[in-house]
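K.L.:
If you read the protein sequences in the order shown, they are chains A and B. The numbering of the first sequence is the working numbering, which starts it at 816 and goes up by one. The numbering of the second sequence is the working numbering, which starts it at 816 and goes up by one.
Everything labelled a hint here was simulated from the structure, so no lab data went into it. Being a predicted model, the structure only gives us computed values, none of them experimental. Hints are not guaranteed to be accurate.
With a straight-line Cα cutoff of 30 angstroms, these simulated DSSO-like cross-link-like pairs (lysine-lysine) come out [claimed, not checked]: (1) A:1000 x A:1025; (2) B:1066 x B:1013; (3) A:940 x A:1094; (4) B:844 x A:844; (5) A:1013 x A:1066; (6) A:1000 x B:1000; (7) A:844 x B:1013; (8) B:1025 x B:1000; (9) A:1000 x A:1062; (10) B:1094 x B:844; (11) A:940 x A:1066; (12) A:1013 x B:844.
Just a sample of chain A residues kept apart from chain B, beta carbon distances all over 10 angstroms, derived [said to hold, decoys possible]: (13) 820; (14) 882; (15) 937; (16) 943; (17) 967; (18) 1001; (19) 1002; (20) 1232.
Glycine residues also receive a C-beta, built at the ideal position from the N, C-alpha and C atoms.
The lines below spell out each chain.
There are 2 protein chains.
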Amino acid sequence: MSVHPTVVIVGAGFGGLRAARALRHAPIKVVLIDQHNYHLFQPLLYQVATAGLSPADISHPVRAILRGQANLHFRMAQVTGVDLAARRLQLSTGELGYDYLILAVGGQTNFFGLESVARNGFGMKTLEEATQIRNQLLQMFELAAQEPDADLRRALLTFVVVGGGPTGVECAGAIAELIRLVLVKDYASNVNAAVNLKEARVVLLEATDKLLAAMPESLQEATAETLWRKHVEVRFGAAVADFDGRKVTLKGGEVIPARTLIWAAGVRAAALLDGVGLKQGRLGRVVVQPTLQTPDHPEVFVVGDAAYLEHDGQPLPMVAPVAMQQAEVAAHNILNLLAQRPLRTFEYHDPGSLATIGRNAAVAQLGRWHLRGFPAWVMWLVVHILQLIGFRNRLLVLINWAWDYIFYDRGVRIISGK
Amino acid sequence: MSVHPTVVIVGAGFGGLRAARALRHAPIKVVLIDQHNYHLFQPLLYQVATAGLSPADISHPVRAILRGQANLHFRMAQVTGVDLAARRLQLSTGELGYDYLILAVGGQTNFFGLESVARNGFGMKTLEEATQIRNQLLQMFELAAQEPDADLRRALLTFVVVGGGPTGVECAGAIAELIRLVLVKDYASNVNAAVNLKEARVVLLEATDKLLAAMPESLQEATAETLWRKHVEVRFGAAVADFDGRKVTLKGGEVIPARTLIWAAGVRAAALLDGVGLKQGRLGRVVVQPTLQTPDHPEVFVVGDAAYLEHDGQPLPMVAPVAMQQAEVAAHNILNLLAQRPLRTFEYHDPGSLATIGRNAAVAQLGRWHLRGFPAWVMWLVVHILQLIGFRNRLLVLINWAWDYIFYDRGVRIISGK
C-alpha cells in the first residue's frame, strides 16, 4: 500500500465520473481508467446515428472534464483481468494495484444469443456503432438512387428498428424525420432520380404490446400515436428470429425484406465482468449489497448498469440517474471505510423519465406529472442541453438543433470511412 | 445518345463542383460522380488532423450543395474503368455512357516509392487519413503517460512531419500548438503523471533548403522563424529513406526515434488515371491542350490536379484556384462544342497564396503584396471562412475557432475507432 490509499475507478461514464468527482478532496490517489479518452453522453447517441450531431458534440475528453482534480490520475487502457485476491488489475498497458475498486463499467448490447442479428445488425451503445448506423442509412439511399430493381430498392429503403424502449423509439422517430424532412429534399430535384422516398419504410418492432414500458399507460399510447403520425410502422408482438442482412424473419414466420436492422432491444452488463469471479444476477450484473459492496469483497464496489440491486422487488433500471446516485454512495462509503465510520445504504430517488419522438414531440414522466407533445419536448431540450458536458459542446449542440429545427436540416449527412 | 447530351463529371472536389455549376442552365444532362457523398474542403484538413475541427465541419453533402440544379444527377460510386472508345464508364454500381467527360479526379498522396513510409506513415489527403492522424497524435500522449521507459516515451512523443509545403508547415505548426497550448493543460494536474510534455518534439523535415517554395523568399524566412518560435524543429536538406513505425531513417543515415510520421511531401494525380490510356505527364497528370481537351479524345476534358498543362514553362500547381478556373473553361468549351462555337483556351490568373502557421501567424502573397504575422493570419481566416461551403459550416467553424482562440482549446480531442 502506498502512502495514500489507491482507489481505482473503472469506467468514465456517468457513474465513474461522478465517483471520481466525489473523491476529489480526499487524501487518496484516484486512478480513473477507461478504454476511451472521452466521456460519452449516451442519451444523444441516436442523434449521431441519424446525422443530427457530430461524434465530438456528445463526447468530451476525460482529462478536460477532470482537469482541476489534483488527486486524479487518468489512464486510457482496457481492463483485461481482475485479480480480486491480489487486488490488482491487468490492463492493456500494464498492471495496477488498488486498495479500493469501483467498477462502473456500464452495459453493452445484448443480442440474447441471436447470432445472425449480432453479425448483420447494428447495436447502438458506442460512438463507433452510431457512426456506422449513420453511414449505413445514408449509403442505402445512395444505392437505392442507382438501383433499377424496384424490390431491391424497397429493401434498401426499409429500416427496421427493434425494441420499443427509449432508444428504439427515439431512433425510429429520428430516422423517419431524417427521411421525410431532410433527405426528401436531397433526392427531390435530380433528373431521372430512380428513387422516390415514398418507398422508404421505418418499422419499429416491439415484442410486447407496449412502448416505453416504464412510462404510464397514457404516455405509451401518446408515443405510439406520435410515431404513426411520423409514418413509423409500429408493430407489437413482433419478435425477431433472424436477420441475414437481406431480410428480417420474425418468430411467427413473417419476412420483411430489409438491409438495415438496428437492435435496441436489449442491454446487459459489460462482458468484462463475466470472468472476474463476482456473483452475477440477471443480465450479467454483479450482485451488490445496499452499501454497493460486493458480498465477498468489501473493498470492491459496483455501480450503475454493472450492478444488480433490487428496489421495491425489481432490479434497478439501467439508466444514468441510478449510476450517478450509486457512484455518490460508493465513493462516500470508501471514505467512510477509511475513516472507520458506518456505511451508507443506497436508496433510489427516481427523477422521472423523458423520451423524445422527434420535432415538437416527446413524453415525460416526473413523479405525478405526465407531459406530452410540445411542453415535454421543450423540457427534453432543456434537460439535455444542461446535462451535456462542457460549455462549448452545449453551445454547438444548441446551434445545431436550432438550425435543424428552423431549416429542417441535418448537418452531419456525410458517409465516412471506406 | 439520349435526347439531351450527357456530360459526366468525375469528382466532386473544387473542380468538379465548379464544372457542374457552370453547366446548370444548359439543356443537357449532367451526371456528377464521386466516391464520397460529400465535398471535402481540403485546405482545412490539417485542422481535423489536429483536433480543431470535426470532419463534418469541413465536408458538406454534394446533394445539398447542388440541390437547386434541375439538370444534375448525382451518383455516389467509384469509377473502376473508362472505355474511351465506347464512351462508357465502369462504376462500382453499374455502367454509364457519356457524350462528354470531365475528369476532375484530383490528386492523392505520392510516397515516391518509399514503401515503408506508405505502410507505416500517414498521408493527409482524405477525411479518414486526417481522423487517423488525430487519433494517433492523441493516443501517443495517452500511451506516453503510462510508459515508464524514458526512451520509449520520447519516441512516442516525437512527431515527424515530412515536407515543407503549405500542408507540412500548417500541420507542424498546428501540432506544436496543440501540444504547447492545449495538451499541456490536460496532462498538467494529474498526480504521478509520468509524462512531461517538454519531452515532446515536432520535427519538420524538408529535403530542399526552403519552406513554401512558391512563396517569395522573405516570407519563406518568416515562416521558418515562426515555426522555430513555436518550438518546431525545422530541418533542411533532410530526406527520408525509411520509416519502420519505430524510427525515421534519413538519407544521410541519421535516425530519429519516432512513432508518428506524417507525409506531406508529395502529391500525384489520382491513380485511377493510370489505366485509362490517356497520355500522362509528370506525377501521373493527364496531358491536356490549352482547351483542356485530351489530344486524342476531344470529348474528354481533364482539369485540376489531374491535368498536366504548362504555364510560363512550368506545370501548373496542384491547387484549388487552378482546378476551379480550368473547370469553368472546360464546362464552357463543352457548351461551345455543342453550339459549334470556337473553343476558349485556358489562362491561369494566380490569386496568390496563403499559409497559416498557427495562432496569429500566417504568410500571404497576393500579387506584389507580401503579408506576414497577424494581418496575414486575419486574411487567412476571412478567406477560409468565406470559402467554406454551407452557411452552417461557416458559422460552426467560426465559433470553434473563436473558442479555441480565446480559451486555447481544441474541441475535438477524442480518439475514435477501436
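K.L.:
Looking at the structure, which of the earlier hints fail to hold?
P.N.:
As far as the earlier hints go, 1, 4, 6, 8, 14, 16, 18, 19, 20 are violated by this structure, in ascending order.
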